[in-house]
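2 protein chains.
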Amino acid sequence: KNGTVDMSHGSGGRAMAQLIAEVFQKYLNNELLAQGNDQALFMPPAGRLVMSTDGHVISPLFFPGGDIGSLAVHGTVNDVAMAGARPLYLAAGFILEEGFPLCELVRIVESMAHAANAAGVPIVTGDTKVVERGKGDGVFITTTGIGVVPDGIAISGDRARPGDAILVSGSMGDHGVAILSKRENLSFGTEIQSDSAALHDLVAAMIDVAPEIRCLRDPTRGGLATTLNELAHQSGVGMQIREQAIPVRPEVAAACELLGLDPLYVANEGKLVAICPAERAEALLSSMRAHPKGTASAIIGEVVEDELHFVQMETGFGGSRIVDWLAGEQLPRIC
Amino acid sequence: KNGTVDMSHGSGGRAMAQLIAEVFQKYLNNELLAQGNDQALFMPPAGRLVMSTDGHVISPLFFPGGDIGSLAVHGTVNDVAMAGARPLYLAAGFILEEGFPLCELVRIVESMAHAANAAGVPIVTGDTKVVERGKGDGVFITTTGIGVVPDGIAISGDRARPGDAILVSGSMGDHGVAILSKRENLSFGTEIQSDSAALHDLVAAMIDVAPEIRCLRDPTRGGLATTLNELAHQSGVGMQIREQAIPVRPEVAAACELLGLDPLYVANEGKLVAICPAERAEALLSSMRAHPKGTASAIIGEVVEDELHFVQMETGFGGSRIVDWLAGEQLPRIC
Ligand SMILES: Nc1ncnc2c1ncn2[C@@H]1O[C@H](COP(=O)(O)OP(=O)(O)OP(=O)(O)O)[C@@H](O)[C@H]1O
Ligand SMILES: Nc1ncnc2c1ncn2[C@@H]1O[C@H](COP(=O)(O)OP(=O)(O)OP(=O)(O)O)[C@@H](O)[C@H]1O
Ligand SMILES: [Mg+2]
Ligand SMILES: [Mg+2]
Ligand SMILES: [Mg+2]
Ligand SMILES: [Mg+2]
Ligand SMILES: [Mg+2]
Ligand SMILES: [Mg+2]
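From first to last, the protein sequence lines are chains A and B. The first sequence runs 1 to 335 under this note's numbering. The second sequence runs 1 to 335 under this note's numbering.
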């Protein structure tokens, strides 16, 4: 073992078996992974299942508040949780670049293991491929998750109805600004941390109080603005939000000003948008604020009738503007 | 749309939504994918489930007998099937390189859709990331599958017992030799085709006749030799195989000779190894030969007691040699 990934680590032979045993199985360590077959076998709980997948190609690999390993766990746990589901298991496929330092790989896998343990969602099967130098970028991780949806829960992007309340679980833009600051070596006095976090426990607390939740979505690439447009489009409704109600940390707002970014379009990795019947909004908000991952939750607006499915925002000055989908590329390789 | 992938196709915004709608959803088209949420929701059949994932980084992307799209479907369908399971659903995560021609992407997605339809295993959820030119290699596809294991079936790599028969479902080495020939622009008179194929229907026919099958594994990276060593190690047994019983096409044998390869170490993508109690071997063999994907099936040896877990082979000349795990890297980027 000479300290870096080489092509033999993807050969299917002895070197790969050793890497899997000494790095992946060692840290990700769990009974299902230890079965050592071409697949993990388990008995799922009764009920509807969901499945979701996300590739992770973030650059840099390590950033304030996380790394590609923890992000790859949180990202997929969250997409599973956005159905109101309890995440059960993860699969992880690694694409390594020849020459990648093994010590960095170990750091990433340890961090993944830590995030998976903390979330209670084991990584039960995996895959390891190696590409030549210059044909990848260190490491890419694709995670796939499955989860079980509690009976009586029907959460989907097409269920928003005029009159419903729109909530967010905290401040917008932290993840993207943290990555960009790290990438560009910017410093804004206090270091801005990614909000990367697993939200399934917050979701469980929310559906406990408000099983009538209609939509849940994590505003990742494209940010809050794009997520609201997606939901408006999918449900065939409009939305009316209030700029002043949207939580944005002052340091994130300042960084965005400087970088020419709009925090509403910046990716988040530990926040969610919820839409629920108006009469349940206050109860839902309280349950969110009572949860450590939702302390800065807010009601930011309501669903309205609109044939054009516009998202409109009342600005700080009492005016109103249309908040469109993200156009072009704002922040590449953010997740 | 200017004909190639650009960074905005990974932005999370409008360009990505358009790519997903006009390429991925258009060709992969199915009800679950059309839900359009962050996850696919379905009611699984009762029973034990399996989950498996594989990244695909094959180079070249198009080869005789398939392409990265069909391979990404077959590869994961097969790993699910190697538990005796009926594959249910696939997830697919794409990592695209900036500048990749959209027309090639469409060809690949069409081929994936075709393979998924032919296998009856829809791609129900996906993800699309884009990396800068020189940080990827055209396209990488990670597929994850889930499947359901019929009651009464217990297939696992640790179940081989001394006396059991070892079978293969056809000729060894076709896939790897096809890729290498294409890569090196070699021609051997007749074009050698990859054996890339979905084996779940063959497996279903096999467990119908021989539900007592102990182990199933697809000899992909590392080839037959490595797969047998894995199974011997996992079950704590030795194996005795007969070289002359192992099917190898004459053109593959000739190409291997020329390329300095051993067909026992070359990857297959449409073959399986099966281990079953000796008394069921003939019946199992007949069922395999009766299936279009198993016409060249053969009994190649038996499981023996061996504390050292060696795989030994009786050679053509009546001698015997140890068949070790693949060491080093034989054929990079083969799948
Ligand atoms: N990065 C990883 N993390 C955790 N487990 C892994 C990882 N890579 C491989 N494994 C596990 O190691 C075992 C062997 O994986 P491998 O990819 O060789 O099997 P395969 O998919 O059948 O072969 P191939 O990828 O050549 O088709 C499996 O049990 C798999 O879950
Ligand atoms: N390559 C693809 N093939 C099929 N469906 C896809 C593909 N890429 C995305 N999708 C589908 O498009 C929708 C949006 O995917 P997207 O990746 O934007 O969601 P997300 O995972 O919630 O966001 P992010 O990836 O930013 O975390 C999902 O329904 C997803 O299944
Ligand atoms: Mg996601
Ligand atoms: Mg999401
Ligand atoms: Mg694999
Ligand atoms: Mg495989
Ligand atoms: Mg396999
Ligand atoms: Mg995604």
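A portion of the hints provided could be inaccurate.
A pair holds if it fits inside one copy or across any two, identical chains being indistinguishable in the list.
Mimicking EDC-like on lysine to aspartate or glutamate, the simulated pairs with C-alpha atoms at most 20 Å apart in a straight line are [what the hints assert, rightly or not]:
| # | residue 1 | residue 2 |
| --- | --- | --- |
| 1 | K135 | E305 |
| 2 | K135 | E98 |
| 3 | K182 | D201 |
| 4 | K135 | E329 |
| 5 | K182 | E132 |
| 6 | K26 | E305 |
| 7 | K26 | E314 |
| 8 | K135 | E184 |
| 9 | K26 | D262 |
| 10 | K135 | D324 |
| 11 | K26 | E251 |
| 12 | K135 | E191 |
| 13 | K26 | E302 |
| 14 | K26 | D201 |
I should point out that these hints are in silico values taken from the structure, not numbers from a laboratory. All values reported here derive from a predicted model rather than from experimental measurement.
The hints, checked one at a time:
no.	hint	result
1	K135 <-> E305	neither (49 Å within a copy, 45 Å between copies)
2	K135 <-> E98	both (9 Å within a copy, 12 Å between copies)
3	K182 <-> D201	neither (29 Å within a copy, 50 Å between copies)
4	K135 <-> E329	between (22 Å within a copy, 17 Å between copies)
5	K182 <-> E132	between (27 Å within a copy, 18 Å between copies)
6	K26 <-> E305	neither (54 Å within a copy, 29 Å between copies)
7	K26 <-> E314	neither (53 Å within a copy, 37 Å between copies)
8	K135 <-> E184	between (24 Å within a copy, 19 Å between copies)
9	K26 <-> D262	neither (42 Å within a copy, 32 Å between copies)
10	K135 <-> D324	neither (35 Å within a copy, 30 Å between copies)
11	K26 <-> E251	neither (40 Å within a copy, 42 Å between copies)
12	K135 <-> E191	neither (33 Å within a copy, 28 Å between copies)
13	K26 <-> E302	neither (48 Å within a copy, 32 Å between copies)
14	K26 <-> D201	neither (27 Å within a copy, 35 Å between copies)
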